[in-house]
Structure formats: structure tokens, C-alpha cells
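Engineer: First to last, the protein sequences are chains A and B. The opening residue of the first sequence carries number 1 in our numbering; numbering runs sequentially from there. The opening residue of the second sequence carries number 1 in our numbering; numbering runs sequentially from there.
No lab work stands behind these hints, which were simulated from the structure alone. Please note that a few of the clues may not be correct.
Stated by the list, open to error - Below, in silico cross-link-like pairs of lysine to any residue (SDA-like), each with a Cα-Cα straight-line distance of 25 angstroms or less:
id	chain 1	residue 1	chain 2	residue 2
1	A	K352	B	K395
2	A	K283	B	K340
3	B	K352	A	K340
4	B	K363	B	S353
5	B	K335	A	Q55
6	A	K395	B	G8
7	B	K335	A	Q56
8	B	K19	A	V337
9	B	K79	A	T344
10	A	K79	B	G78
11	B	K335	A	D220
12	A	K79	B	R342
13	A	K340	B	G60
14	B	K340	A	T344
15	B	K352	A	G78
16	B	K79	A	T399
17	B	K369	A	Q55
18	B	K79	B	Q55
19	B	K160	B	L268
20	A	K335	B	K160
21	A	K160	A	E143
22	A	K20	B	A358
23	A	K395	B	D149
24	B	K19	A	A358
25	A	K335	B	V110
26	B	K283	A	T399
As the list claims (entries may be wrong) - To spell it out: a stretch of chain A is covered by chain B in this simulated footprint if at least three of its residues, at any positions, have a beta carbon under 8 angstroms from a beta carbon of chain B; those stretches are:
id	segment
27	69–79
28	205–212
29	306–312
30	328–334
31	378–388
Note that beta-carbon positions come from the ideal geometry of N, C-alpha and C, so glycine has one too.
2 protein chains.
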Amino acid sequence: MHLLSPRGFRAAGVAAGIKKSGKRDVGLLVASHEVEAAAVFTTNQVVAAPVVVGQQHIQGGKLRAIVVNAGNANACTGKVGLRDARRMSALAAELLDCEPGSVLPSSTGVIGHHLPMPKVEAGIRDAYTKLGTSAEHALAFQEAISTTDAFLKQAATTVKIGKETVTIAGVCKGAGMIGPRMAIAKKKNIQGHATMLAYLTTDAMVGGAALRSMLLGAADASFNVCSVDDHTSTNDTLAILASGASGVGIASELARKKFAAALQDVCLSLAKLVVSDGEGATKVVTIRVTGATSDADAKLIARQIGNSNLVKCAMHGNDPNWGRIVSAAGLGAAKFVPEKSRLTVCGTVLYKSGSPVAFDAAKVSGDLKQSEVMVELSCGLGKGSAVFYTCDLSKMYVTINADYTT
Amino acid sequence: MHLLSPRGFRAAGVAAGIKKSGKRDVGLLVASHEVEAAAVFTTNQVVAAPVVVGQQHIQGGKLRAIVVNAGNANACTGKVGLRDARRMSALAAELLDCEPGSVLPSSTGVIGHHLPMPKVEAGIRDAYTKLGTSAEHALAFQEAISTTDAFLKQAATTVKIGKETVTIAGVCKGAGMIGPRMAIAKKKNIQGHATMLAYLTTDAMVGGAALRSMLLGAADASFNVCSVDDHTSTNDTLAILASGASGVGIASELARKKFAAALQDVCLSLAKLVVSDGEGATKVVTIRVTGATSDADAKLIARQIGNSNLVKCAMHGNDPNWGRIVSAAGLGAAKFVPEKSRLTVCGTVLYKSGSPVAFDAAKVSGDLKQSEVMVELSCGLGKGSAVFYTCDLSKMYVTINADYTT
């Protein structure tokens with residue numbers, strides 16, 4: 001299955017010359033008509049122009065298309081940037097014969113440069129002529145939204161609603177400036193990070209507040225609890241289009257539950273792909289915190305561990321240096337009592353009740369060599385729990401990021 | 001000048017076999033009698049045994065000595081660790097014929113291992129026999145408190161009080177797990193980081209609440225606004241001993257002001273040495289935020305910029321990738337309005353009023369090659385200001401930290 005497996009969608013991706021590499025950099029994802037839609041966006045206060053425009057366009061809860069460019073984020077570009085983002089939507093709308101407000105624009109790439117609009121416009125026109133429904137079309141769209149991604153990312157699943165089946169599919173991009181915390185509207189006082197773009201399609205009949213709330217729930221359990229470098233991007237966007245082409249409604253409580261779970265599965269698969277493709281990363285580290293005073297405290301503790309450079313370096317070196325994990329757990333505002341905690345790495349208990357536990361360091365170091373490793377911290381304080389996904393920190397991350405624009 | 005330039009102190013540093021390298025690892029700093037003292041400690045909730053004991057011993061506001069070991073942090077070591085930290089104080093007290101409560105213990109090194117007490121005790125006895133007042137004695141003490149430090153760190157100054165002169169001197173250690181936020185007593189809800197140990201001596205007559213408050217003020221303007229990897233250590237300790245041997249009191253408002261400023265100078269010199277010796281660091285980056293809604297907001301913004309791996313990598317690559325700095329400014333709870341801000345790097349304006357400014361990238365990249373660089377962000381919102389000190393992130397940081405215990 002791929003992005004266009006749910007019925008009612010076409011896509012294209014073309015090379016418009018925005019990327020210096022000459023690779024595909026303008027994408028179009030088009031629904032058969034104006035369909036139900038929802039989106040969540042970065043909570044960074046520095047918001048790219050396409051996010052400002054996208055937040056306005058999603059207000060009505062319907063979209064006809066998504067137009068994206070890679071190679072330039074159109075962020076920190078002032079009024080010129082806003083005009084350019086609006087022009088992207090307007091041109092796509094003109095070609096598709098719909099309202100500009102029905103087209104969501106996105107951009108990803110370097111911050112602080114104006115879009116080369118002649119190239120972008122030619123790219124949108126070109127993409128329009130190449131729209132199609134095949135796996136190759138989905139792939140071309142995926143290529144067009146990618147930047148430093150080492151591989152293309154997609155996920156899909158089907159949901160049984162009674163005797164009928166609906167499909168949910170998604171693609172995303174992201175490898176650096178990753179650690180999204182997205183919300184329905186721009187919301188203050190939420191820290192966040194990443195240029196992560198993700199687009200989902202479904203042929204289910206679902207929309208309005210239900211779709212919005214299920215999308216936010218899925219984001220909170222996936223993209224919003226993953227990090228590569230804990231740096232919220234100016235452009236993070238997650239959008240879903242629901243064509244209704246299956247004719248199957250998501251109406252009952254049970255149907256909603258099943259659909260929401262499937263949506264979350266797709267988002268989590270995509271988010272873990274982003275983390276595994278984290279710049280320079282060699283493994284995904286899952287941090288599971290239980291027994292905290294509250295879910296919010298558990299989340300803070302998991303995040304502190306997952307964003308510690310010392311922990312991430314130890315993971316890279318397959319080093320069971322658990323003191324870094326325990327000390328990271330205590331450095332924030334979330335209540336943590338070392339004497340009540342228990343730390344398990346790859347199934348081996350390393351620390352319990354305030355004291356070290358004798359363990360086979362060579363065995364744990366060997367276990368840490370896997371591409372997916374598990375860190376479990378039981379706090380012994382209450383019923384709060386959370387999961388956070390991060391990657392290791394390698395020399396390659398520094399290589400990639402010490403010389404990006406110049 | 002050196003740590004023992006202020007009259008009334010002796011020190012020693014010996015090799016007790018705790019460090020595998022065989023280098024000095026047990027230090028004693030002793031005042032001529034029980035003197036006025038103050039100390040601030042890590043606010044991590046995971047607190048090393050010597051910090052627990054030290055917090056008790058400093059309650060009375062007087063100390064006779066400081067006993068330190070390096071090579072083992074005595075953190076996450078439970079009741080055994082507490083007993084060992086108390087034994088360090090008790091043994092030093094026995095030798096010095098004072099109360100155990102007059103000796104502040106410190107430890108630094110790897111977390112989660114019990115102290116090799118026979119070696120530690122032999123080291124304390126050995127150090128006691130080697131106490132002296134020369135520069136060599138101060139140097140030996142400095143070596144004994146060091147771990148991954150690439151160079152020894154000291155600072156000193158004199159203060160004119162009327163026609164008299166008092167001296168303030170200090171030494172410190174730290175290169176990784178750095179980003180202290182220390183407070184008088186353990187205080188919740190303050191995030192923090194680092195094993196940073198710093199000890200100050202002065203021959204001024206000053207003590208009690210005044211000394212405590214000046215020490216905290218100095219910490220807040222130096223160690224508490226510096227970071228290498230934003231990971232609060234379990235062991236951070238900053239202590240000052242005031243022998244009074246100069247016979248000069250710090251009583252008047254003016255004298256206090258001058259003394260507090262000098263104390264802050266010494267602490268800032270030491271803190272900047274720690275940052276410049278940050279694991280793998282090649283430069284110190286000073287981040288000055290002005291025009292924020294409040295000083296607290298300015299501090300948050302400066303901290304977000306200084307702790308962004310993307311910013312730190314760009315600094316390492318001499319890359320004026322200012323989008324990372326501006327996006328880091330907006331990712332937290334502190335109010336930030338890009339349209340009102342102005343970013344200056346090494347004296348060149350790169351971003352203003354929400355839009356990019358044309359600049360000579362080669363020139364700024366050249367300026368970034370200096371060992372001290374300045375990032376200035378004016379927020380245009382109010383009168384809040386703050387300064388934060390950080391270093392670049394290099395491949396060497398990863399090398400050092402990916403393979404530390406195993």
C-alpha cells in the first residue's frame with residue numbers, strides 16, 4: 001500500500017530546480033473534490049509563511065489539495081514570504097479550479113531565503129500535468145518533499161468497520177530539526193521542535209471535530225513524542241485528507257475507536273521512521289517511564305532522558321552508563337525520587353532503590369548494539385506513564401550540521 | 001595569584017589510586033581555624049552523597065576544611081555512599097582536630113560506583129601530611145579535583161576596601177555534564193546541569209547571610225548561566241571560605257558592592273574557563289539577549305539558543321546559519337515576536353524585523369573562527385536582558401562521551 005491506495009487521490013512530484021541537487025522538489029497531492037481535512041502545525045513562535053497561510057486555509061475543515069516545495073523553508077521571510085506562500089496556493093487552485101483557501105501550502109529546507117517563485121510556479125504547473133494515482137506517483141511526491149532524508153518514509157493500514165474496510169496511508173519527511181510538538185492552532189507555552197512534514201490520506205467518511213481530535217491525539221502519541229535534536233522547526237505540519245470514497249462512515253463509538261487507533265499506528269510508524277533516519281543516527285531508543293506522579297511528569301522525565309546529549313552519546317557507544325540516565329531523570333521540574341526508582345536497559349536492571357545493581361556490562365553493551373533499544377524507568381511514585389522516541393548522537397550528526405548552508 | 005594567595009589557607013593534592021591514570025585524586029583545602037563559609041549545590045533531584053552531607057555541614061555557616069576526591073562521584077550509591085561521604089569528613093576532622101560537621105566533602109567522577117574507601121582514607125591521611133601554602137600546593141589541589149579537564153582552572157582578584165586590600169581566589173573543575181543551576185539549599189522546580197566543583201578563598205572578614213547572598217548572586221551570574229551539554233550533574237558544588245586574615249571587614253554598603261562585584265568576576269572567569277574547556281569545544285559562544293518581556297524570559301531565550309545542538313554545530317562549522325538561532329529563540333514559553341527582533345552575530349546584523357538582511361557570509365564565517373564569538377538578539381518587547389555562555393558541539397564531544405565507562 002502507498003499514499004494513493006485510499007481511493008480519491010492523485011499526486012505528482014517534479015524537479016523545479018529549487019534543490020541544488022536537481023532532485024524533485026515540488027509536490028502536489030490532490031483530492032477528487034473538496035474533502036474533509038484537518039491539520040496540526042508547529043507551536044514555535046517563529047512560524048514559516050506557509051504555516052501562517054495553512055492555519056488560515058484549514059479553518060473551514062475542508063481541502064482540495066496540498067502543494068509543497070522542498071529546498072527552501074520560506075521561513076523568516078516577512079511579507080514577501082507570505083505573498084509567495086499565498087501564490088503557491090492560488091496557482092494550484094487556479095489549475096484545479098477551486099478556491100485558494102482549499103489548498104494547503106507547505107515548504108521545507110533552509111530558513112531565511114525567499115522562494116525562487118518562477119521556478120516554484122513552473123514546478124506547480126508541471127506537477128499538475130503529471131498527476132496520477134499509481135505507486136510511482138506517490139513515490140515522486142515523497143521524493144519532492146524530502147530534504148536531508150536518507151530514505152523515503154511511508155506507512156499504511158486498513159481498518160475493518162463492520163464488514164467494510166477503509167484505508168489510511170501516510171508519507172512524511174524529516175531527519176534534522178526534529179522534535180515536533182504540534183497543535184491544532186498555534187498555541188503558546190508549548191515547547192517544540194522540527195521540520196517534519198507528514199500528509200495522510202484516507203477513503204473513510206469522517207470529518208469535522210472528530211477528525212481534528214483524532215489527528216491531534218495521534219500526533220500527541222507519535223510525532224509529538226519523538227526527537228532527533230529537540231529543536232522545533234518553523235514549518236512542522238501534519239495534515240490528513242479524508243475523501244469519503246469508500247462510502248464507509250466513521251460514526252459509532254467503536255468505529256471511531258478503531259479508526260483513531262489505526263490513525264495513531266500510521267503516525268507512530270512514520271514518526272519512528274523519522275527518528276531512525278535522524279541525522280547521523282544508528283538506532284532508535286524508546287524511553288518508557290512508568291510510576292510517575294502524573295502522565296505529564298512522566299512525559300517530562302522521558303523527554304529529559306531522550307534529549308540528553310550525554311545519554312544519546314552513551315547509546316551511540318553501546319555504553320550502559322546508567323548514571324547519565326538517572327541524573328537526566330532528576331534534572332527538571334517533574335518529581336523524581338531516586339530511592340524509589342528502577343532502571344532497566346534492554347531488559348537488564350541496572351539501578352534500583354537508590355543503589356547500583358551488579359550486572360553483566362558486556363552483555364548489556366552487546367544488547368545496546370541493536371537498531372532498536374529500550375530504556376525503562378519505573379519511578380515508584382504514582383500511575384503516570386509516557387513513552388518517548390529518540391536516537392543516538394553520532395559524529396555524523398555533527399558532520400551533517402556543522403556545514404549546511406555555507 | 002593562586003588559591004592560597006588569600007592568607008589563612010593550606011592545601012594539598014595526592015594520588016590515592018582512585019583514578020586509573022594514577023594522577024592526583026584526593027585533595028584537602030584547610031583554613032587556619034573554623035571560618036565563615038557559604039556554599040551552593042546542584043538542584044538536580046538526584047543528589048550525590050557528598051552533596052547531601054555537605055548541605056547538612058554548611059548549615060552553621062562555618063567550615064574548617066574541604067575534602068575532595070576525583071575519579072568517582074559517589075552518586076546513586078545509597079546508604080553506603082552516605083556513610084562513605086560522612087567518613088571522608090570524619091577522617092579529615094579527626095586529623096584536623098575539629099568537628100566532622102566543619103568539613104565539606106565533595107566527589108566527582110563516574111556515577112554509580114562505591115568509593116574505594118581504603119584508598120580514599122589513605123589519600124586523606126597522605127594529603128594531611130602534605131598541606132602547605134605555596135603555589136605548588138594550590139596546583140596539586142587543582143590536579144586532585146580534575147577529571148576530563150584539559151587544563152587547570154583558576155582565577156583571582158584583589159578588592160580595595162578603603163585603603164586596605166582583600167584578595168579573592170578560586171579554582172574549579174569541569175568539562176562535561178556542565179550547565180549548573182545551583183542554589184543555597186536544594187530547591188525544586190529549577191532545571192540544572194553539570195559536575196562542576198568550584199572552591200573560593202578570601203581573606204576578607206565577611207560571613208553569614210551577606211556571604212551566602214553574595215555567593216548565590218555570583219553563581220547566578222556565572223556558573224548558573226553556562227552550559228556545555230545542559231545536563232545538570234548530581235554533584236555540582238560551589239563553596240567559599242572567608243578566613244578574615246586580612247583583618248578587613250566587608251561592612252559598608254559600598255564595600256559589599258565592591259566585594260560582590262569582585263566575587264562575581266572571579267566566578268565568571270572560572271565559569272568561562274569551564275565552557276572553553278567544554279568537552280570537544282573549540283570556542284566560547286556568548287549569547288546576549290536584550291529587549292525581552294522580562295529578565296526571566298531573556299534568560300529562557302538565551303538558554304534555548306545556547307543549548308540547541310543545531311546552533312552549536314553551526315558555530316562549530318563557522319556557519320552563519322541564523323535561521324537556527326531565530327527558530328531556537330521561539331521554541332519555548334518565553335514571548336518572542338520575530339517581526340520585532342534583530343539578530344547580530346560577531347557585530348554583523350543578519351536578521352531584522354522578520355526578514356533576512358543581505359550580509360557578507362564569508363566575512364561572518366571568518367569572524368566565527370575566533371575562540372570567543374558573540375551572538376546578540378534584541379527582542380524589541382521590553383527591558384528584560386540576560387547573558388548565557390555556551391560552546392560549540394564537535395565530533396570530539398561525541399568521541400569523548402560515546403565511550404566513557406566501558
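Engineer: When the structure is checked against the list of hints, which entries are broken? Sort them ascending.
Structural biologist: 1, 2, 3, 6, 8, 10, 13, 14, 16, 17, 20, 21, 28, 31
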